[in-house]
Amino acid sequence: MTGSIEMAHATSTRRAVAAILALFILATVAVPTIAAQSIPYQRPVDTAPQEKTIGGGYKTPAAQKPLPRNSWLQLLDVAVLAAALAISSWLVLKRRSRKALVALAAGSLAYFGFYREGCVCPIGSIQNVAVALTNPQYSIPMVVTATFFLPLVVAVFFGRAFCGGVCALGALQELVLLKPVRVPRRLDRALGLLKYVYLGLAIFFALKPARDFLICRFDPFVGFFRRTGAPHMLMIGGAFLLAGLFVGRPYCRYLCPYGALLNWCTRVARRGVTITPDKELDCGLCTDACPYGAIEKMRAVRRNCLYCARCYAACPRDGKLARAKAQLVTLSAEPARS
Amino acid sequence: MQYRQVAVIGGKGAGPGQFGTSLRGIAVDATGNLYAANDSQITVFDAAGRLRRRWSTSQPAHSVAVAGDGKVYTGQIHQIEIFDGAGKLINTWRDEALLGRVTAIGFVNGDVLAGDATGRAIRRFDLSGKFRNNIGRDNPLNGLLVPNGVVDFGVDAHGIIHATNPGKHRVERYTPAGELLGHIGHFHGTDAAGFGGCCNPTNIAVRDRIYVTEKAGPRAKVYNFSGELEAVIAADVFDANCKNMSVAVDRQGRVYVADTVKLAIFIFEAVAV
Amino acid sequence: MSEHFTRRDLLHKAGRGAVLATLGGGAGFLVRKAHGQVVWQVDAARCLNSRLGEVGVAACNLCTTECVVALSAVRAVNEHSRCGRCNICPAYFNITSAVDDRGLPSEKLCPRDAITRRPIGKADPEDPANNFYEYLIDEEKCDGCGKCVMQCKEPLGLGSIVLRIRYNRCVDCNRCAISTACPKDALIQVPVEQGLRNDGVH
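Protein chains in written order, with my numbering: chain C, 1 to 338; chain P, 1 to 273; chain R, 1 to 202.
Honestly, the hints are just simulated from the structure, not real lab data.
This structure is a prediction, so every number in the text was calculated from the model and none was measured.
Any given hint could turn out to be false.
Claimed, not checked - No farther apart than 27 Å at their CA atoms in a straight line, the calculated lysine-lysine pairs in the DSS-like style are these:
1) P:Lys262 - R:Lys184
2) C:Lys65 - R:Lys184
3) R:Lys184 - R:Lys147
4) R:Lys13 - C:Lys297
5) R:Lys122 - C:Lys52
6) R:Lys122 - C:Lys59
7) C:Lys297 - C:Lys179
8) R:Lys108 - C:Lys59
9) C:Lys208 - R:Lys141
10) R:Lys13 - C:Lys94
11) C:Lys297 - C:Lys94
12) R:Lys184 - C:Lys208
13) P:Lys88 - P:Lys71
14) R:Lys141 - R:Lys184
15) P:Lys130 - P:Lys88
16) C:Lys52 - C:Lys65
17) R:Lys141 - C:Lys59
18) C:Lys65 - R:Lys141
19) R:Lys122 - R:Lys184
20) R:Lys147 - C:Lys65
21) C:Lys99 - C:Lys179
Unchecked claim - What follows is a set of in silico ranges between Cβ atoms, one per label pair, in the way DEER data are often shown:
22) C:Met235 - P:Thr21: 36 to 42 Å
23) C:Pro66 - P:Gly49: 34 to 40 Å
24) R:Phe5 - C:His232: 53 to 59 Å
25) R:Pro119 - P:His186: 47 to 53 Å
26) R:Val69 - C:Asp282: 53 to 59 Å
Where a beta carbon is used, it is the ideal one built from N, C-alpha and C, also for glycine.
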């Protein structure tokens, strides 16, 4: 039990750090926006010649008014998000199929990434929600509220289903991960604190009158989604992807501010990846398979689990064999604990 | 010929000699008193620049002119109010059709001329207010081209009306009956002798010469009747954003220009070169 | 692990309830003050190129350079009912260029040749050039550089040309990149109907 006390200490330290950061953010709250100073704009409306002045049967051409994206398409985005979250949870927790999850990730990348060009994403919506909660003059459309809260509510029940097959940034990194290299645990923990710092900074800068949305400005992958961008941002995105060939999802694990929020919600999650002690073989294949450090000492650390379903794929007793589980149980006796 | 600035009168604000929030028209009478149409008032200064009198008009005044008998005519929207020299209202001419925004008033041969910016023409009335004829409407474009929103004219000693046609970058000469006699001026973007921008010159005063003001690159210039530029009176002293600067000339040849942003009247005098 | 309802399970359930309550409360608060669809638009009263004040300075072209879309989503739009239809249009011509033998400036202002004109209304047979003209801005060529806007601005022109964001090109970023760079804070989020107005008035 000493191990779990150690873990409990480490956990409570991180909780304290996170709580202090949260209090700091709330303390620097609600700076009102300052209206820009300007010379009042006067137009002598009635001096321009009108149709009857011009004569000759002239008709003023109708104004061109190109319409923005239909608002019901925004509702469709929310519906697709909800559906993807549901499918992701089901695929990983019930179907336990890595192949299907990869397909979902590709689909999410195509829809939320390349079609919607990454905007509005739940990660960026943190800034909008932070400003809307603290500034009485700022409000956000319901669509953005839904985009922010849906993955969090799902996280309260099922964990980071969003990260698995839904987040476009995560899907992109997931798909480029070739040969995962294990990151030493201490380094992993230390780097993991960066996302809380990023969360704090993002909220702090979003709340300032300049309303600087850091998450949007420094999104490494939005340049790829838009197929255009500043050279330095494209290079940073490329660097993340290159690193992501070997280090599993570096942005998701160490920088994503939404991941910080999902972590907090996952701690009280009802379901999630579980390694059932009385059914597991202690073989360690899942621990080796997980590139994200979500399995430690043969137990799932749910808040780090990014729903990639590799553990299921690697487990000799699950994944492909899930549907044969019943058969396995009847074919052989419960293996004894050795 | 050169001009130098001798005085500045007025300014922004509610002080005794100041013009409040707008300054639209000026005029000088035979004795050198200066009349300014600002906000909804007429403000009178004497020849030395001291505030003499001020009275209110019922609507914001767009123009002001002083007749030979001392009556003060102010142009407003759909009406002209006539005051005596002390500021008492004598008469009001109202005409919804013929008087729009009256931006200039003048006198010729016992008749009153009103520049109607909405109708883009100069209307001629007799002293009782009866309409006689239009001036400047008898052309294929049905009026003067005034996108800047102001019709302005001056009457010379021979009774010829010199009206600005800013859209065509020229000053046109008309008889009181409305017949076009000719025009001076042309467009030029850089030569000071021409009129720059989209609609210049905006305002005019006529005595022994033709005095015009322009906007956007604001300046006041003086031409002779043949159309030759005699001098650029001033340019840099005006606020760059001012538009439709009313101009007046007194008997001594002093030029008064109303800066519509600084709300001040600049007074210039010719100096022997 | 036993099937008993342990203290840890209670904490979990309580925690879950608390988190859900917080999320629900936050969401409810935000939904109550939610507004409809908003779009980014340029405020003509603040934009350097169209507001009164700066005269004789170079046009600000941040709308062209900062937009994340390859050819900026900002266009110069001529609101015809406010246009003077002048022959010598300072936005069409470069009015400081040399005057040709027709009396017109020899150079056009737009570097991408996006403004065209045609004579309209009754023509004056004695003065055919001095006519009303309709000025059209080709939105395929315009890149929102703002030169014509600055020239059309009062007092030189009538201010009928303003910079507008065109929604068939704008990708509706969470925080418009131009808005971050604009020195006058002229990019604002407005309801769709207001954003569609071409006269720059809100």
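- Message: If you test the structure against every hint from before, which numbers come out violated?
- Response: As far as the earlier hints go, 9, 19, 22, 23 and 25 are violated by this structure, in ascending order.
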